[in-house]
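K.L.:
Sequence:
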Amino acid sequence: MGSVTCCRWTGTCWTFHDGLRYEFGLTFDIPATYPVTHPEICVPDLDGKTAKMYRGGKICLTGHFAPLWQRNVPRFGIAHALALGLAPWLAAEVPDLIERGMITPV
1 MGSVTCCRWT GTCWTFHDGL RYEFGLTFDI PATYPVTHPE ICVPDLDGKT AKMYRGGKIC
61 LTGHFAPLWQ RNVPRFGIAH ALALGLAPWL AAEVPDLIER GMITPV
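Residue numbers (full-length UniProt numbering): 1 to 106.
Rather than coming from a laboratory, the hints here were simulated on the basis of the structure.
Treat the hints loosely; a few may be bogus.
[To be verified] DMTMM-like cross-link-like pairs, simulated, lysine to aspartate or glutamate; straight-line CA separation at most 20 angstroms:
| hint | residue 1 | residue 2 |
| --- | --- | --- |
| 1 | LYS52 | ASP96 |
| 2 | LYS49 | GLU99 |
| 3 | LYS49 | GLU23 |
| 4 | LYS58 | ASP18 |
| 5 | LYS58 | GLU40 |
| 6 | LYS58 | ASP96 |
| 7 | LYS52 | GLU99 |
| 8 | LYS52 | GLU23 |
| 9 | LYS58 | GLU23 |
| 10 | LYS58 | ASP45 |
| 11 | LYS58 | ASP47 |
| 12 | LYS58 | ASP29 |
| 13 | LYS52 | GLU40 |
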């Protein structure tokens with residue numbers, strides 16, 4: 001993570017596809033009810049480019065990750081949200097965005 005200001009974290013996330021690196025800005029707020037509630041991960045660079053995203057660039061974690069988080073409270077933390085929430089989301093969405101010409105490598 002790049003910087004921490006109170007409960008808002010900002011930084012960069014990246015993924016590789018076909019040997020090329022794709023990099024995106026990343027933000028999330030630690031909710032007041034954490035760790036019962038998982039952080040809402042926001043990738044503003046991809047806002048509006050995929051259907052699996054809410055307004056403001058928040059990625060959709062409700063279908064697969066939220067139940068996993070609920071079963072593992074309080075053992076899960078921020079690293080789990082990134083590894084088990086953001087990473088699979090990027091792995092599923094980035095190839096489609098590349099194919100549609102919506103993003104370019106770094």
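K.L.:
Checking against the hints above, which ones are violated?
P.N.:
4
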